[in-house]
Amino acid sequence: DTAVSQTPKYLVTQMGNDKSIKCEQNLGHDTMYWYKQDSKKFLKIMFSYNNKELIINETVPNRFSPKSPDKAHLNLHINSLELGDSAVYFCASSQGALQTQYFGPGTRLTVL
Amino acid sequence: SQQGEEDPQALSIQEGENATMNCSYKTSINNLQWYRQNSGRGLVHLILIRSNEREKHSGRLRVTLDTSKKSSSLLITASRAADTASYFCATEAQAGTALIFGKGTTLSVSS
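Chains as they are written, first to last, in my numbering: chain A, 1 to 112; chain B, 1 to 111.
If you are wondering where the hints come from, they were derived from the structure by calculation, not from laboratory data. Hints may contain errors.
Label pairs and their in silico Cβ distance ranges [what the hints assert, rightly or not]:
id: 1; chain 1: A; residue 1: N62; chain 2: B; residue 2: G40; range: 26 to 34 Å
id: 2; chain 1: B; residue 1: E17; chain 2: A; residue 2: D70; range: 24 to 32 Å
id: 3; chain 1: B; residue 1: S68; chain 2: A; residue 2: D18; range: 23 to 31 Å
id: 4; chain 1: A; residue 1: E58; chain 2: B; residue 2: S111; range: 24 to 32 Å
id: 5; chain 1: A; residue 1: V60; chain 2: B; residue 2: D7; range: 45 to 53 Å
Here are the simulated DMTMM-like cross-link-like pairs (lysine to aspartate or glutamate), alpha carbons at most 20 Å apart as the crow flies [to be verified]:
id: 6; chain 1: A; residue 1: K36; chain 2: A; residue 2: E82
id: 7; chain 1: A; residue 1: K22; chain 2: A; residue 2: E53
id: 8; chain 1: A; residue 1: K52; chain 2: A; residue 2: E82
id: 9; chain 1: B; residue 1: K103; chain 2: A; residue 2: E58
id: 10; chain 1: A; residue 1: K40; chain 2: A; residue 2: D70
id: 11; chain 1: B; residue 1: K26; chain 2: B; residue 2: E5
id: 12; chain 1: A; residue 1: K36; chain 2: A; residue 2: D18
id: 13; chain 1: A; residue 1: K44; chain 2: B; residue 2: E53
id: 14; chain 1: A; residue 1: K40; chain 2: B; residue 2: E53
id: 15; chain 1: A; residue 1: K40; chain 2: A; residue 2: E24
id: 16; chain 1: B; residue 1: K103; chain 2: A; residue 2: D85
id: 17; chain 1: A; residue 1: K9; chain 2: A; residue 2: D38
id: 18; chain 1: A; residue 1: K41; chain 2: B; residue 2: E5
id: 19; chain 1: A; residue 1: K36; chain 2: B; residue 2: E5
id: 20; chain 1: A; residue 1: K40; chain 2: B; residue 2: D7
id: 21; chain 1: A; residue 1: K71; chain 2: A; residue 2: D38
id: 22; chain 1: B; residue 1: K70; chain 2: B; residue 2: D83
id: 23; chain 1: B; residue 1: K103; chain 2: A; residue 2: D38
id: 24; chain 1: B; residue 1: K26; chain 2: B; residue 2: D66
id: 25; chain 1: A; residue 1: K41; chain 2: B; residue 2: D83
id: 26; chain 1: A; residue 1: K44; chain 2: B; residue 2: E5
id: 27; chain 1: B; residue 1: K69; chain 2: B; residue 2: E15
id: 28; chain 1: A; residue 1: K41; chain 2: B; residue 2: D7
All C-beta atoms, glycine included, are put in the ideal place defined by N, C-alpha and C.
Taking the hints into account, I'd like the entire structure generated from these sequences.
Written out as structure tokens, the structure reads:
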């Protein structure tokens, strides 16, 4: 049973396109996150949702828009993709903001 | 925002040796967590240590926390090739609403 799943695993696209990454967790957690990991492995939080409400929105271009249709899902939509958006995006969940986080396998986004 | 900083950035050892990684942080915390990331995978939680704890064990892992020095260490004893991974510490953001990850220590264990 996959606890936190993401689709797609790989995403290759052209600059200027719009793309979405989906995340689902079956752990019953109330908090979900999106992280971006750059080529130097630096993991930076982008968004945090608690019970479908946005809690954290770090300094992220407004081309990135998270959407949480329910507690088990947190999707990430990216408009007008740029070269600098190339990275690995991780979804995670936890029961409470400061507790153990469970990560998805990541989505490697390559913008050409 | 507060961030844990791991040291060293990279560590290479032989199988059977012990590996020690350190993490320093800036402000008071409620807990500190260590995670492992194998190449191409998501992070996996290893240990959570609370601010009132000084040491915690899990199998071959030992974590210490010194709140007076604002530092933590992760010791992996009798390392194996399968321990090759990046190790991250995570501490709280100042607002106390999210974890902030350090840049990680990349551990290579050769057989």
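Now the hints, each set against the structure:
no.: 1; hint: A:N62 x B:G40: 26 to 34 Å; result: holds, 30 Å
no.: 2; hint: B:E17 x A:D70: 24 to 32 Å; result: violated, 48 Å
no.: 3; hint: B:S68 x A:D18: 23 to 31 Å; result: violated, 50 Å
no.: 4; hint: A:E58 x B:S111: 24 to 32 Å; result: violated, 41 Å
no.: 5; hint: A:V60 x B:D7: 45 to 53 Å; result: violated, 28 Å
no.: 6; hint: A:K36 x A:E82; result: holds, 14 Å
no.: 7; hint: A:K22 x A:E53; result: holds, 17 Å
no.: 8; hint: A:K52 x A:E82; result: violated, 28 Å
no.: 9; hint: B:K103 x A:E58; result: holds, 18 Å
no.: 10; hint: A:K40 x A:D70; result: violated, 33 Å
no.: 11; hint: B:K26 x B:E5; result: holds, 9 Å
no.: 12; hint: A:K36 x A:D18; result: holds, 17 Å
no.: 13; hint: A:K44 x B:E53; result: violated, 27 Å
no.: 14; hint: A:K40 x B:E53; result: violated, 32 Å
no.: 15; hint: A:K40 x A:E24; result: violated, 26 Å
no.: 16; hint: B:K103 x A:D85; result: holds, 19 Å
no.: 17; hint: A:K9 x A:D38; result: holds, 16 Å
no.: 18; hint: A:K41 x B:E5; result: holds, 13 Å
no.: 19; hint: A:K36 x B:E5; result: holds, 18 Å
no.: 20; hint: A:K40 x B:D7; result: holds, 15 Å
no.: 21; hint: A:K71 x A:D38; result: violated, 27 Å
no.: 22; hint: B:K70 x B:D83; result: violated, 26 Å
no.: 23; hint: B:K103 x A:D38; result: holds, 10 Å
no.: 24; hint: B:K26 x B:D66; result: holds, 12 Å
no.: 25; hint: A:K41 x B:D83; result: holds, 18 Å
no.: 26; hint: A:K44 x B:E5; result: holds, 13 Å
no.: 27; hint: B:K69 x B:E15; result: violated, 31 Å
no.: 28; hint: A:K41 x B:D7; result: holds, 15 Å
Figure legend: structure checked against the earlier numbered hints; hints not met, in rising order: 2, 3, 4, 5, 8, 10, 13, 14, 15, 21, 22 and 27.
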